[in-house]
Amino acid sequence: MKYKISEIADFLNREFKGEDGVIIGCNTLSDAREDEISFLANPKYVKYLATSRAGVVILEPKYAKEVDKCIISPNPYLDFARVVGLFAKAQGEFTGISDLSFIHPDAHLDKGVVVYPYVFIGPRAQIKKGTKLFPGVYIGEDCFIGEDCVLYPNVVVMGQCIIGNRVILHPGVVIGADGFGFAATQGGREKFPQIGNVVIEDEVEIGANTTIDRAALGETRVGKGTKIDNQVQVGHNVKIGSNCVIVAQVGIAGSTRIGNNVILAGQVGIAGHVNVADGCMIGAKSGINKDVKKTGIYSGAPIMEHNKFLRTCAVLPKLPDMHRELKRLRQEIDKLKEQFKDIQDK
Amino acid sequence: MKYKISEIADFLNREFKGEDGVIIGCNTLSDAREDEISFLANPKYVKYLATSRAGVVILEPKYAKEVDKCIISPNPYLDFARVVGLFAKAQGEFTGISDLSFIHPDAHLDKGVVVYPYVFIGPRAQIKKGTKLFPGVYIGEDCFIGEDCVLYPNVVVMGQCIIGNRVILHPGVVIGADGFGFAATQGGREKFPQIGNVVIEDEVEIGANTTIDRAALGETRVGKGTKIDNQVQVGHNVKIGSNCVIVAQVGIAGSTRIGNNVILAGQVGIAGHVNVADGCMIGAKSGINKDVKKTGIYSGAPIMEHNKFLRTCAVLPKLPDMHRELKRLRQEIDKLKEQFKDIQDK
Amino acid sequence: MKYKISEIADFLNREFKGEDGVIIGCNTLSDAREDEISFLANPKYVKYLATSRAGVVILEPKYAKEVDKCIISPNPYLDFARVVGLFAKAQGEFTGISDLSFIHPDAHLDKGVVVYPYVFIGPRAQIKKGTKLFPGVYIGEDCFIGEDCVLYPNVVVMGQCIIGNRVILHPGVVIGADGFGFAATQGGREKFPQIGNVVIEDEVEIGANTTIDRAALGETRVGKGTKIDNQVQVGHNVKIGSNCVIVAQVGIAGSTRIGNNVILAGQVGIAGHVNVADGCMIGAKSGINKDVKKTGIYSGAPIMEHNKFLRTCAVLPKLPDMHRELKRLRQEIDKLKEQFKDIQDK
Numbered sequence: 001m002k003y004k005i006s007e008i009a010d011f012l013n014r015e016f017k018g019e020d021g022v023i024i025g026c027n028t029l030s031d032a033r034e035d036e037i038s039f040l041a042n043p044k045y046v047k048y049l050a051t052s053r054a055g056v057v058i059l060e061p062k063y064a065k066e067v068d069k070c071i072i073s074p075n076p077y078l079d080f081a082r083v084v085g086l087f088a089k090a091q092g093e094f095t096g097i098s099d100l101s102f103i104h105p106d107a108h109l110d111k112g113v114v115v116y117p118y119v120f121i122g123p124r125a126q127i128k129k130g131t132k133l134f135p136g137v138y139i140g141e142d143c144f145i146g147e148d149c150v151l152y153p154n155v156v157v158m159g160q161c162i163i164g165n166r167v168i169l170h171p172g173v174v175i176g177a178d179g180f181g182f183a184a185t186q187g188g189r190e191k192f193p194q195i196g197n198v199v200i201e202d203e204v205e206i207g208a209n210t211t212i213d214r215a216a217l218g219e220t221r222v223g224k225g226t227k228i229d230n231q232v233q234v235g236h237n238v239k240i241g242s243n244c245v246i247v248a249q250v251g252i253a254g255s256t257r258i259g260n261n262v263i264l265a266g267q268v269g270i271a272g273h274v275n276v277a278d279g280c281m282i283g284a285k286s287g288i289n290k291d292v293k294k295t296g297i298y299s300g301a302p303i304m305e306h307n308k309f310l311r312t313c314a315v316l317p318k319l320p321d322m323h324r325e326l327k328r329l330r331q332e333i334d335k336l337k338e339q340f341k342d343i344q345d346k
Numbered sequence: 001m002k003y004k005i006s007e008i009a010d011f012l013n014r015e016f017k018g019e020d021g022v023i024i025g026c027n028t029l030s031d032a033r034e035d036e037i038s039f040l041a042n043p044k045y046v047k048y049l050a051t052s053r054a055g056v057v058i059l060e061p062k063y064a065k066e067v068d069k070c071i072i073s074p075n076p077y078l079d080f081a082r083v084v085g086l087f088a089k090a091q092g093e094f095t096g097i098s099d100l101s102f103i104h105p106d107a108h109l110d111k112g113v114v115v116y117p118y119v120f121i122g123p124r125a126q127i128k129k130g131t132k133l134f135p136g137v138y139i140g141e142d143c144f145i146g147e148d149c150v151l152y153p154n155v156v157v158m159g160q161c162i163i164g165n166r167v168i169l170h171p172g173v174v175i176g177a178d179g180f181g182f183a184a185t186q187g188g189r190e191k192f193p194q195i196g197n198v199v200i201e202d203e204v205e206i207g208a209n210t211t212i213d214r215a216a217l218g219e220t221r222v223g224k225g226t227k228i229d230n231q232v233q234v235g236h237n238v239k240i241g242s243n244c245v246i247v248a249q250v251g252i253a254g255s256t257r258i259g260n261n262v263i264l265a266g267q268v269g270i271a272g273h274v275n276v277a278d279g280c281m282i283g284a285k286s287g288i289n290k291d292v293k294k295t296g297i298y299s300g301a302p303i304m305e306h307n308k309f310l311r312t313c314a315v316l317p318k319l320p321d322m323h324r325e326l327k328r329l330r331q332e333i334d335k336l337k338e339q340f341k342d343i344q345d346k
Numbered sequence: 001m002k003y004k005i006s007e008i009a010d011f012l013n014r015e016f017k018g019e020d021g022v023i024i025g026c027n028t029l030s031d032a033r034e035d036e037i038s039f040l041a042n043p044k045y046v047k048y049l050a051t052s053r054a055g056v057v058i059l060e061p062k063y064a065k066e067v068d069k070c071i072i073s074p075n076p077y078l079d080f081a082r083v084v085g086l087f088a089k090a091q092g093e094f095t096g097i098s099d100l101s102f103i104h105p106d107a108h109l110d111k112g113v114v115v116y117p118y119v120f121i122g123p124r125a126q127i128k129k130g131t132k133l134f135p136g137v138y139i140g141e142d143c144f145i146g147e148d149c150v151l152y153p154n155v156v157v158m159g160q161c162i163i164g165n166r167v168i169l170h171p172g173v174v175i176g177a178d179g180f181g182f183a184a185t186q187g188g189r190e191k192f193p194q195i196g197n198v199v200i201e202d203e204v205e206i207g208a209n210t211t212i213d214r215a216a217l218g219e220t221r222v223g224k225g226t227k228i229d230n231q232v233q234v235g236h237n238v239k240i241g242s243n244c245v246i247v248a249q250v251g252i253a254g255s256t257r258i259g260n261n262v263i264l265a266g267q268v269g270i271a272g273h274v275n276v277a278d279g280c281m282i283g284a285k286s287g288i289n290k291d292v293k294k295t296g297i298y299s300g301a302p303i304m305e306h307n308k309f310l311r312t313c314a315v316l317p318k319l320p321d322m323h324r325e326l327k328r329l330r331q332e333i334d335k336l337k338e339q340f341k342d343i344q345d346k
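Chains as they are written, first to last, in my numbering: chain A, 1 to 346; chain B, 1 to 346; chain C, 1 to 346.
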């Protein structure tokens, strides 16, 4: 693939400054060659403008004078992402429906669905147009998979689950395995059968080996446009709002509700049956064990306001010194009190 | 499926109060319709009794007067779980042995084993009656899989491992991958071949994408009735007792021994070569780096008694204030000492 | 398999003391039988020498007098690992190329590659000699897989990724899924297409269900001889040096650089865009949020020097007492100051 710079500027509907040329790829400022396009989004990389060999740079108006050839944009990162999309090639080249797949006669596939070898599609499942199922995908009975989805290799969607449109499930994702529910008996524990399902709304993307459990009763739900990274665990009956960002290795226990536009950084853990308010940002490795009612930035395990967390972390390594100082103060005060008593007694 | 309330009461062997009726499903107090059964286990939901539309509610004797129709039970949650079991339908409808599967001629399958397409069963593996192997399951050579097990899609059981009866392995579980063992050399590290196996006892349930490594020598073992959630990591030569509950994303390093009836909450980490006493409960995100000899409730990383942990967490955000106060006290005491010295010198 | 003790000593090129005999297996000092070989590496197990039934023990010269039969070695653990290798049998007995696999006509496989059933190999992929692909493996288009690799069941290598020689990928490993990159828009988030790849160098071993994301641009790289445990997450554009050890459930966010010979213990989390110096050792559950410039041992979240961390942890449970003591000191000092003022006023 190759494009003229002017064609790229037209595609973005942005102004282009400099001489036209041919672009055959995308790269960072420091690695780009003369026939590659780059971008400047983070001010700390301004210094690379002078030495970058990039054929053209997408940047904000204020940096336009620093380079010979640029495409001027109010949002260089977003525009660059779109240009990368021009050059990107989707994974996988298989087309049609492999006769090495197993499609139950009662399943219904729209025309144009791609089914690789070794895919299993159970009875009464529906797969809508434009969706691709890579090798090793399992679609259980009565599932609904919307339009233009991509289910990468070895994705599992257990029976009765519902996947919206334009959803991306990366390799090894498991949707709709049983939630973790047991009733105590005298001898041990008895399984609480998990008869609910999972609903994934439109434009959700879910990272490799992430697991989202089916509800005990009712549904587990991930809201529209939410992006989930790799190895995230979502327990049964959890509700996640729309446009959230959930980074790798987060765990969310059962029946918890996450609002809209919430950002959970890596390795956060959230207890069951709590609510997290819209728009909250939770720092990496934090632990949440009760409702977060007020939108804000929080960190720590258990969480506190992020600024307080930073100050606490700054003091924490001084704790042994504080402990010693406290003992010294105690001794000195006890001595002072004694001396003082002596004076008073005189 | 549908049942009369009286039939359900008979099934549970419990007393039924009120007029009989037909029940076609199970739900929570707040979501149940007139033809659904519900339950009250948590006292904080008593308020929903008045407004619930549920056709009948399973509850403790003391709440019986609050509703028109109820089934009276000393353990409403357990009894409700059993009723849900009446209505639950097992995942998957495939029967027989698919000719799209690969079964080594030296493998031995009992009659009535279900083998979906794309299952691989290695030489000398034994699979006992009533067990179901979903698509993408791999059973290595010399494995033994007991009766009435369910191995969901893409479960991997590496060679020589032993799975008991009525074991449930959720999608993506890996049993018997090599433990993480290397011997240092001058140039780097050399693999310590992992020649042990994994033994999973009866009635164990293991969540999606959990991994349980084979022993270096000897065995890794999970005891009878233990329930393990999703994305848990169990290292080589670990021994887990019976009736434990291990919540999602816990990691247990090599050669550690977990007693019976231990509960590990989410994201707990346990170092290698330590022992955790029977009946311990370990709070979420805790870290254990030495033996826990006394049964109790512990939290923190490293752990302390849970009550002490709660008090410590309550004080932690005050640490910056404490640090400042300590400096002020130091100044004031130094000043007092000086003033005192002046007096004594007079 | 069986060997004479003298044959084993010759294989190791070590001195053998005692009477020759036949060895048929390897075991720990406490579990070994008369026909098994064992080893002593950890001094705390010296006490088992007297009672061990092992047919021969590999140990350091200073312990040679404690037993009748021993192989004397400066590095008993490494030598024992090598002996275990004599007795170890590789997983899987399949040979040849299964006609239940899918190999694209434009893929190139060297002679001697083993392809189990249900393997998918995309166009233009190259697989070099001696490599084994277990069931459910997916190799995307344009991938390169070097010599003598083992890809265990359900391993996924997405298109364009490069795997070196003698690499071991345990079940469920995902190499080259999309990195987690999105550009904010007014309405939500737009995907930044991930057009880079992953490069895994020679002698790397990667544990079950670990995920290593493809780069946004350029490459994600794991250096030669690095060993990665189960359920580790490596973000896009991360560079990991050679001979590192990365224990289970570690998460490394995008664009971070890990030096050579770094050890990350279990459940460590590292933020994006930071550097960790060669030779660092990072304690379990630690969190790193900025550059670690100096080689050393660190722990905590955020990290501090390990010794300081240990002292801090020792004091932490005393924090509630410190808080109370601080209040008492404040009262006593205020009282002293008042009394002092009274005296001065006299």
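No lab work stands behind these hints: they were computed from the structure. Quick caveat, the model's predicted, so the values are computed rather than measured. Please note that the accuracy of each hint is not assured.
It does not matter which identical chain is meant; a pair holds if it fits inside one copy or across any two.
As the list claims (entries may be wrong) - No farther apart than 27 Å at their CA atoms in a straight line, the calculated lysine-lysine pairs in the DSSO-like style are these:
id, residue 1, residue 2
1, K47, K290
2, K318, K69
3, K69, K191
4, K290, K308
5, K111, K2
6, K308, K318
7, K2, K327
8, K62, K47
9, K239, K224
10, K128, K89
11, K47, K239
12, K239, K293
13, K129, K337
14, K337, K327
15, K191, K308
16, K239, K128
17, K111, K293
18, K2, K69
19, K341, K327
20, K69, K294
21, K44, K111
22, K224, K129
Are there hints from earlier that the structure breaks, and if so, what are their numbers?
-> Hint check: 2, 5, 7, 13, 15, 17, 20, 21 fail, others pass.
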